[in-house]
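J.: What follows is the residue order along each chain.
There are 2 protein chains.
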Amino acid sequence: MDRQAPEYIELVAQLRELATLRSCGAVLGWDEQTNLPPNGAEHRANQLSLLAGLSHDRATDPKLGELIEKLSEQVGEGNEDSVEAANVRDAKRAYSRSVKLPRNLVKELSRTATLSQQAWVEARAKKDFAAFQPWLEKVVQLKREEADALGSPTGVKYDALIEDYEPGATAAQIQEVFAPLREELVKLVAGIQASDRKPDVGILERSYPIADQETFGRSAATAIGFDFTSGRLDIAAHPFCSGIGPGDCRLTTRYDEHHFPGAFFGTLHEAGHGIYEQGLNAEQFGLACGEACSLGIHESQSRMWENLVGRSRAFWDHFYPEAQRTFPDAIGDLHIDDFCAAVNNVEPSWIRVEADEVTYNLHIMLRFELEQALLSGDLDVADVPTAWNETFHEFFGMTPTDDSLGCMQDVHWSAGLIGYFPTYALGNMYAAQFFDAAQQELGNLSEMFARGEFAPLKNWLNEKIHSQGRRYDAPKLVQKVTGESLSAAPLLNHLNTKFGMLYGL
Amino acid sequence: MDRQAPEYIELVAQLRELATLRSCGAVLGWDEQTNLPPNGAEHRANQLSLLAGLSHDRATDPKLGELIEKLSEQVGEGNEDSVEAANVRDAKRAYSRSVKLPRNLVKELSRTATLSQQAWVEARAKKDFAAFQPWLEKVVQLKREEADALGSPTGVKYDALIEDYEPGATAAQIQEVFAPLREELVKLVAGIQASDRKPDVGILERSYPIADQETFGRSAATAIGFDFTSGRLDIAAHPFCSGIGPGDCRLTTRYDEHHFPGAFFGTLHEAGHGIYEQGLNAEQFGLACGEACSLGIHESQSRMWENLVGRSRAFWDHFYPEAQRTFPDAIGDLHIDDFCAAVNNVEPSWIRVEADEVTYNLHIMLRFELEQALLSGDLDVADVPTAWNETFHEFFGMTPTDDSLGCMQDVHWSAGLIGYFPTYALGNMYAAQFFDAAQQELGNLSEMFARGEFAPLKNWLNEKIHSQGRRYDAPKLVQKVTGESLSAAPLLNHLNTKFGMLYGL
Chain A
1 MDRQAPEYIE LVAQLRELAT LRSCGAVLGW DEQTNLPPNG AEHRANQLSL
51 LAGLSHDRAT DPKLGELIEK LSEQVGEGNE DSVEAANVRD AKRAYSRSVK
101 LPRNLVKELS RTATLSQQAW VEARAKKDFA AFQPWLEKVV QLKREEADAL
151 GSPTGVKYDA LIEDYEPGAT AAQIQEVFAP LREELVKLVA GIQASDRKPD
201 VGILERSYPI ADQETFGRSA ATAIGFDFTS GRLDIAAHPF CSGIGPGDCR
251 LTTRYDEHHF PGAFFGTLHE AGHGIYEQGL NAEQFGLACG EACSLGIHES
301 QSRMWENLVG RSRAFWDHFY PEAQRTFPDA IGDLHIDDFC AAVNNVEPSW
351 IRVEADEVTY NLHIMLRFEL EQALLSGDLD VADVPTAWNE TFHEFFGMTP
401 TDDSLGCMQD VHWSAGLIGY FPTYALGNMY AAQFFDAAQQ ELGNLSEMFA
451 RGEFAPLKNW LNEKIHSQGR RYDAPKLVQK VTGESLSAAP LLNHLNTKFG
501 MLYGL
Chain B
1 MDRQAPEYIE LVAQLRELAT LRSCGAVLGW DEQTNLPPNG AEHRANQLSL
51 LAGLSHDRAT DPKLGELIEK LSEQVGEGNE DSVEAANVRD AKRAYSRSVK
101 LPRNLVKELS RTATLSQQAW VEARAKKDFA AFQPWLEKVV QLKREEADAL
151 GSPTGVKYDA LIEDYEPGAT AAQIQEVFAP LREELVKLVA GIQASDRKPD
201 VGILERSYPI ADQETFGRSA ATAIGFDFTS GRLDIAAHPF CSGIGPGDCR
251 LTTRYDEHHF PGAFFGTLHE AGHGIYEQGL NAEQFGLACG EACSLGIHES
301 QSRMWENLVG RSRAFWDHFY PEAQRTFPDA IGDLHIDDFC AAVNNVEPSW
351 IRVEADEVTY NLHIMLRFEL EQALLSGDLD VADVPTAWNE TFHEFFGMTP
401 TDDSLGCMQD VHWSAGLIGY FPTYALGNMY AAQFFDAAQQ ELGNLSEMFA
451 RGEFAPLKNW LNEKIHSQGR RYDAPKLVQK VTGESLSAAP LLNHLNTKFG
501 MLYGL
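Those protein sequence lines, which keep their order, are chains A and B.
Going by the numbering used here, the first residue of the first sequence is number 1, and it counts up by one from there.
Going by the numbering used here, the first residue of the second sequence is number 1, and it counts up by one from there.
Since the hints were derived computationally from the structure, they do not count as laboratory data.
Any given hint might turn out to be false.
[What the hints assert, rightly or not] Below 30 Å or equal to it, Euclidean Cα-Cα: the simulated DSS-like pairs (lysine-lysine) are:
| # | chain 1 | residue 1 | chain 2 | residue 2 |
| --- | --- | --- | --- | --- |
| 1 | B | Lys63 | A | Lys100 |
| 2 | B | Lys476 | A | Lys107 |
| 3 | A | Lys63 | B | Lys63 |
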């Protein structure tokens, strides 16, 4: 296939226009989370629903289908590895998926997600699950309908939804990777809990003025490579990164004067997503090769910068003096060892996004179990708080004191993002595996970080991962970049080494 | 015609969807002015251009035309004064206008407006007209094409464009109202300049901390009736108000620590627009009766709150103590008389949006002259700075020292808003006329303001003007509300009385 062929040019134009239309929805979605006046929620739902319907019309236009079919026939031996072939293949995958969804369901899902998120924000603030329950029921019902419409080779509803986030993955495969990981993590947590080293986490709850947190967070995000001339950082109830289009990628975080790690590592995390978005090939905007590979790969980037870089000793060797200058009252006299121990404290806790590296994956496994049960019908929405609290107790040995610390902490379900959570744990595994490969190729990354040099890692990720887009699926990308297929070993190795040292195990 | 008739219900649905689609563009436009990262300009232009094209497709859909035609036949004696008849009439007017515009021109105008505004922001900061000139040339060329495509009964290009802002008005009519107004204003300015009373405007350039300006501005906007649960106030290079849809209306302003009136009266001005938007009938969203009557009427609301209310002695009788508490260093010891004299200082100045009530209309007349000449072809874009400076000197007796204080101060031309300026002066005239009518019906407004009571005026405007939408055109609305047709007399009467007293003329 020739990139100059009129049919290919036409496909590019159509896909790019579709992506541009969807990116209008991205702006409205970002605005909804950051700026929308309370009384504007209903109108915003109407706007997003209309855009979703229009996008769906284009994504399912039979003329687009014919064009894709014609181009697919031209993909064959000799050109199947080209960028163009990858774009056509992915267009075919997306098209055949879109045409399975009834237009009304798409619009209703969009509208419900918007209103349900607003309901979630209010219900969470009031710790009132009953107020949220009817919305979650509606979301689950619609997602079941969506799963039925989409279908999946396994016949499992959940698998039909995962496809949106981690193409090709199934619940059974994920369960297979999660089971041994969980076993090892539970062992590691037990070891840490038995250790007599107890970091003083109280130092992170001293006064860290919010304006200074923002300055420091921006400085670190810039240092690791996020470009603010092509992006922003704002405040939202639930931190996220929105890649709107070329030259426009937006991060959000939330500040608490008396909890330093929340905003800071949240900012690094979202900046990691942002660096991926900013590293996509803008010339391929709207095409597979200009879009992120999968959410698991996306998460590998955020978790790498947040944890493998941001919580490393080497990172703080470089940044701690600046941190001390920025927060003299809180840590001016504090030794770096105590600070690093505190930001790496491992302890069962309520909130996933603020969990430590070790227990984090257990938070994911809990959600993975519950959302499978919700979709299969084994769990009623009304029973979610009880099921959450019981499973939480089983995993962590404690029970949330209210639902804002439990089943209402995440935005995902309210937004219709069911099947999304496992990508977070996959991301942790990909991250460790990529990081090992980078280290093998680039040399001692810690030494670079300690000198404030983050560009070598960032550039390596740009080249090996970001600029590739979705040219390969996640398993193939991991294979190409690391020479191995996905394995939990690098993550477990990282965790056992790092926390073994910190806790003297 | 019956509002329950299936065809009318179908028209409402189609027009509402069109308005919802356009309101997505309004969010993107607002975001462009307040939040867009510099490198995102190109993509934003593509987004807005796409939405403009999609809106145009719907606005010109032949099926919509047929529906409107069918409903128009049902409007006749007995129902021609109904809300439904007004909505159908206006739909017909808008449709017949839209179908005259080629789709490519609409998209190109949208794209150019976005990029040209970005170019204007940069060129203005650098005081570099040459950098802006090619963009303005492109805008003028496209607007000439637009005027030709639209046509007008008078055959005058400018009249074809005014129709978008002040339906039914023509350049000749406006010229007729402006000529005597200009004469009287020049006399009044001369009288004021000859007066030996010279307010000390230096007091407005003391330090007014920006955070406190914002608090005080929000407090005043709330007091006069702007509802922040349905709106926002942000910062933008050029202040504006964007009514996005029901429950979502956004104001912007800009702060200068050493220039109190800029942000404060700017906020009141935009809040006046916002109160109009918030007073529209949400049930009529997308229909004529749920939209603003004309830009002149819109401007009457902003100018009324900014000047007739906000610069009145009675307003400050109420607000001055709060102002003194908010800015103790600047005005803690200053007498209210000196403050009121300063905020009402009349003096030729460069910047329209910060001009006093008397000279303001002269700024408009200058722009009105130049933009007519640009459209007719009598003035080349390259000659705009010279023409501006010469006309400015003729009107004000002084010459701008650079183009950021001259022909590059306003966003309008860069955004393709040619034919818009005269509505500002019309607004001043409408405002004074409405205010007199309100006073006649409600009693002494000044006494109410002095007690901090702004609701009677706001509610009167809600009832008489805002909730009517575009049910009547501007001349008819003025007639209905005031019992008279438009006249410059109330404005001149207000200005002569107020400034005669302040300057002892």
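J.: Given the hinted pair lysine 63 of chain B and lysine 100 of chain A, is their Cα-Cα distance within 30 Å?
T.: holds, 28 Å
J.: Keeping to a limit of 30 Å between CA atoms, is the pair of lysine 63 of chain A and lysine 63 of chain B held or broken?
T.: This hinted pair holds, its Cα atoms lying about 22 Å apart.
J.: Below or equal to 30 Å on CA atoms is what counts here, so check lysine 476 of chain B against lysine 107 of chain A.
T.: Cα-Cα ~41 Å, so violated.
The structure does not agree with numbered hint 2 stated previously, though it agrees with all others.
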